[in-house]
Amino acid sequence: MDNTGGGSFMRNRRLESFLDTNSTPNGKQTPKILVREEVVRSPKSDVYVEDDGWISALISCVRIVVCFLSMMVTTFIWSLILLLLLPWPYERIRQGNIYGHVTGRMLMWILGNPIRIEGTEFSNERAIYVCNHASPIDIFLMMWLTPTGTVGIAKKEIIWYPLFGLLYVLANHLRIDRSNPTAAIQSMKEVALAVVKNNLSLIIFPEGTRSKNGRLLPFKKGFVHLALQTRLPIVPMVFTGTHHAWRKGGLHVRPPPITVKYLRPIKTDDWTEDKVNDYVRLLHDIYVENLPEAQRPLH
Numbered sequence: 002m003d004n005t006g007g008g009s010f011m012r013n014r015r016l017e018s019f020l021d022t023n024s025t026p027n028g029k030q031t032p033k034i035l036v037r038e039e040v041v042r043s044p045k046s047d048v049y050v051e052d053d054g055w056i057s058a059l060i061s062c063v064r065i066v067v068c069f070l071s072m073m074v075t076t077f078i079w080s081l082i083l084l085l086l087l088p089w090p091y092e093r094i095r096q097g098n099i100y101g102h103v104t105g106r107m108l109m110w111i112l113g114n115p116i117r118i119e120g121t122e123f124s125n126e127r128a129i130y131v132c133n134h135a136s137p138i139d140i141f142l143m144m145w146l147t148p149t150g151t152v153g154i155a156k157k158e159i160i161w162y163p164l165f166g167l168l169y170v171l172a173n174h175l176r177i178d179r180s181n182p183t184a185a186i187q188s189m190k191e192v193a194l195a196v197v198k199n200n201l202s203l204i205i206f207p208e209g210t211r212s213k214n215g216r217l218l219p220f221k222k223g224f225v226h227l228a229l230q231t232r233l234p235i236v237p238m239v240f241t242g243t244h245h246a247w248r249k250g251g252l253h254v255r256p257p258p259i260t261v262k263y264l265r266p267i268k269t270d271d272w273t274e275d276k277v278n279d280y281v282r283l284l285h286d287i288y289v290e291n292l293p294e295a296q297r298p299l300h
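Quick note on this note's numbering: the sequence shown kicks off at 2 and runs consecutively.
In case anyone wonders, no lab produced these hints; they're calculated from the structure.
C-beta: ideal position from N, C-alpha, C; glycine also.
Check each hint, because a few of them may be wrong.
Unchecked claim - List time: in silico DSS-like cross-link candidates among lysine-lysine, alpha-carbon distance up to 27 Å:
| no. | residue 1 | residue 2 |
| --- | --- | --- |
| 1 | LYS221 | LYS156 |
| 2 | LYS190 | LYS156 |
| 3 | LYS222 | LYS276 |
Claimed, not checked - Simulated restraints, written as ranges between beta carbons of each label pair:
| no. | residue 1 | residue 2 | range |
| --- | --- | --- | --- |
| 4 | LYS190 | ASP275 | 35 to 41 Å |
| 5 | ASP270 | GLU294 | 30 to 36 Å |
| 6 | TRP161 | SER71 | 21 to 27 Å |
When you get a sec, could you build the whole thing from the sequences and use the hints?
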C-alpha cells in the first residue's frame, strides 16, 4: 500500500528465511518474501538543510566505520555459507538475497535516515527491477528491498573487488563482458537465458553509472533488450533523496529523509525490437514524472 501523511512503513525481510524448507533448488519457483510492515520516522519536510560542521563530520566518520566493519562481518559469514552450498546454484542465489536483505537493512539502520516506502504491493513481482542511481546508498536499498530470487548484473571485473567480488560470484549473480559490443551482446543473451531457465528476477541500474548531482542521467538500452528476451514486466523503483545522504565520490554521510517508491509494473509482452528507443524514452519519462524537480534532468 502507499504510505502518506504522518506515518510511513518500512518492510522487514524476515530472518525466518533461513529456516524456510520450501525453497526450490531447481529454480522452478521464486520464493515469496514474508513482509511485516513497521512504522518508522516520517520525513517532516521535503527540504533538507545540510549540516557540514565538525560534529556532523565526526558522526559521519563513525557511521562509515561501523558500516564497513558490519558489512565485513556479514560478508565473511555468508561467504562461508555460500562455499558450503557450491553444489546448489539456486540455493546460493537465495542465500545471496538473504545476505542482501540482512546487510542492506542493517546498513540503513546504522546510517539512520528516515525512510518512506511506497507501492509495496508491487515489490514481490517476478520482474526486471530498475532503479535510478545517485549514491552508494542506492545499492544498500536495492540489496534490502528486492525479492528473493533476484540476481544482479555487473561487469565481469567485479570478481577482483576485495571479498565482496568473491561473494557476488559465489551468490551466482550474473556478470557481463563490456570489453566490446559483440561480447556485451552475447553476455546479455546469456543473462536472459539464465533468468528464464531459473525463473529469476533481475535488478539493473539503467543509467549505467551514478549521477554526480542526483539528476537523472540518460538511460542505456540494456534493460529493454533483457525485457525483449525474457518478457518479464519492468518494475521501476524510484529513489529520492539518496544523493543528499551520500554523494558520489564523497565520504560524508548525512541523515536526510529518503523515499523509495515502487511503480506499477510495465508489461513487455507486446514489445517489439523496432521500438527499442521508444521504450527507453517511455521509462525515462516515467522517472522524470516521479522524481522531484531537483532530481530531474536539466534538459
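Now the hints, each set against the structure:
Our distance criterion of 27 Å between C-alpha atoms is met by LYS221 and LYS156, whose separation comes to about 15 Å. Only pairs whose Cα atoms come within 27 Å are accepted, and LYS190 paired with LYS156 is accepted, the gap being roughly 15 Å. Only pairs whose Cα atoms come within 27 Å are accepted, and LYS222 paired with LYS276 is accepted, the gap being roughly 11 Å. Our hint of 35 to 41 Å for LYS190 and ASP275 is violated, since their Cβ atoms are close to 19 Å apart.
One distance hint, 30 to 36 Å for the beta-carbon pair ASP270 and GLU294, holds here, with the actual separation near 34 Å. About 23 Å separates the C-beta atoms of TRP161 and SER71, a value consistent with the hinted range of 21 to 27 Å.
Consistency with the previously given hints fails for number 4 only.
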